[in-house]
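Asks: Spelled out from the first residue to the last, the chains are:
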Amino acid sequence: MSYKIVHYINQFFAGIGGEEKADVAPESRPGVVGPGMAFKAAFGQNAEIVGTVICGDGYFAENMEEATAQILKMISVFGADAVIAGPAFNAGRYGTACGTVAEAVQRELGIPAVTGMYAENPGVDMYRKSVYIVSTEDSARGIKTAVPAMAKLTLDILKNGTAGSPEEGGYIERGLRVNCFNDKIGAQRAVDMLIKKLKGEPFKTEYPMPDFDRVAPAQPITDMKNATIAVVTSGGIVPKGNPDRIEASSATKYGTYSIAGVQSAEEVAYATAHGGYDPTYANHDPNRVLPIDELREMERAGEFKKLYDYFFTTVGNGTPVAAAKKFGTEIGARLKKDGVDAVILTST
Amino acid sequence: MKLELLKAKVKNVVWGEKTAMLAGGVLQVNKEDLLAAVNEVQNFKKISAEIARPGESVRIVPVKDVIEPRCKVGDESEVFPGMIGDVESVGSGQTFVLEGAAVVTCGKIVGFQEGIVDMSGTGADYTPFSKTNNVVLVIEPKDGIEIYEYEKACRIAGLRAAVYLATAALEAGAKADETETYELPSFAKAMTAHPGLPKVAYLYMLQTQGLLHDTYVYGLDGKKIIPSLIHPNETMDGAIVSGNCVSACDKNSTYVHQNNPVIKALYDRHGKDINFIGVIITNENVTLAEKRRSSAYSIKLAEMLGVDGLVISEEGFGNPDADLIMNCRRAEKIGIKTVLITDEFAGRDGGSQSLADAAKEADAVVTGGNANMMIVLPPLEKVIGYTDYVDVIAGGFDGSLRADGSIEVELQAITGATCELGFNKLGAKTW
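Protein chains in written order, with my numbering: chain A, 93 to 440; chain B, 1068 to 1498.
Keep in mind that the hints were calculated from the coordinates and are not lab data. All of these numbers come straight from a predicted model, not from anything done at the bench. Check each hint, because a few of them may be wrong.
[To be verified] Not everything, but these chain A residues come out facing chain B in the computed CB check (under 8 Å):
hint, residue
1, Gly410
2, Pro412
3, Ala415
No residue lacks a Cβ here, since even glycine has one placed at the ideal position from N, Cα and C.
Use the sequences and the hints to build the structure in full.
Replies: Rendered as structure tokens:
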């Protein structure tokens, strides 16, 4: 079977011109243009480039949303099975355009897209997580190796539904952790690694440490008497019955529940959904995790002005940092919008 | 200290008249005798026993603990000291092992924190206990007893069953197919032995976060110990016992404590590439002061031993990541080279940061895999235990248990799948 491919390139590779022509608007042409010839050769009988969409790098950079929409529309007309963009080598604006188009194609058209860039192209950091980017040389000299690699990866994805590992697929690591079975058990791998480390021989960690995100604490509240305080918990306290079905571990969501008029988190009304700690004491008296009783007392005593009308809750058990970050950002934005001055975060 | 493990290889388990090893590696078990041996334990309403063999279409859920049947041979000491055995030190003499058999305890203690063991299908690829011939105890508590009592009753019942099987088979004349010998000299001798080889110890972290998240050492609650030295052979006689009932993928069942693969791997390289000095046990408590005390104390013990390298194994995830990284930093700071064994919670797509803490000193890490990875367990013909909690099991979600009996869960629900003692071949790479 021969797949239908659309190729995205910039004004330079289309032969329209260099920087002086970077402002050309998107256009669509049937068949191959410029480096498309090389792809045609690489695809052979397996795939055909049915059309080429061209956009000036300057135009794209200055009209990103509009240009992306125009380009997508032009691509969609061809009814393609996949899109290839570039390769962009080390051209920054072109790399960004290729990444943006490829990502939009996958998201909006639901078909795979492959691009190619030099490892230091700024488009790599922006799109490596969402788009397969074949590693290329830093200039068009590298076209001879880039094109066959991009063509092969595109065909692999179309035929097998997967790109395989970065080594197999020739693409730049996306930063995704994927499970695999090793030849040896973990304990033997650990002792092997330690022996190498002790001998001063090269060894390869199985988990390179990330740069750890540290958050600077906010300035203290100076006027507590006029402050609105909210309570947010990762201890999993939810209205009894867990109406939003927050998971016992690896939470994919958080809940927002009104506590307007609630004087205490009573056993009859609340329980924990958390699967990582002994729930007995939290369930006997949910105030132990969500201290509404104490906060109401302080509110009555005028120690602060108001307890915010809602609490946010999730389960902080095996919950990926990326999910926690997303919840935190959304909750923070809502609290800020509602004029909350400070938050008490309770964990378990 | 020298210990001989006399291993009878079990290839099948059957119910029968008398508990004994039959020809061809068949362990025959008298069910009534087995239940009588565990029935002394208080707080049961009902206890039943079933067999689950490798390859069978059987799912066991919720699994609390797995124990290897062992007993001492003609010795003063007893296995599982301080739990069901006497408190005298273990780790020397001879121990009889029914290798290839296991006792699995199953009960709804918390209901949603225990694990799943599938004997065939996708799940079987991930749990080590799909490869053992399992005698499963399904334990229902008396009405109204607290879950701590229930947990304890299950824990003791499992240990008693394991000792019963080994003892009864041995008394009925079972013979060892293979003998393994483990011996380390006194520190005085160890310090001058194997000149030129680097001295290595093992820092063995035990989950001790509180009730139902505990580990016991000679019957003592691990969170109340000060980090201590233990002879590696003691672990083989059940000096360390699991009291865990949590996300099952990376909690050390008693079985993996008895068969600690790090200890085995260090023994294997002892005298060849390294001089294996000993084992330090430490805990994973919840407050910062407790973490700092245990970390400082255990690394001080390593320093006193004068070791060049440490293998450090974690138990659990999240909160204990802080203990792991703290231990690594302190050791590296005083020049002790470390390798860490952990597992990962990198999200279902693998795109998130894997641990809750990080340090540049942690440059040598072995991973047991990403526990957030999703797997689909096919429907199996027989369920031992109860599946009604699968939607809320740790690693499950709303809709995990499908109408056809298949289960879609994260790997973390599978008992022992990402074991941080490095029991398995599973790992992870960056794609």
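Asks: Are the hints correct? Go through all of them and say.
Replies: A quick look at each hint next to the structure:
no., hint, verdict
1, Gly410, "holds (5 Å)"
2, Pro412, "holds (3 Å)"
3, Ala415, "holds (7 Å)"
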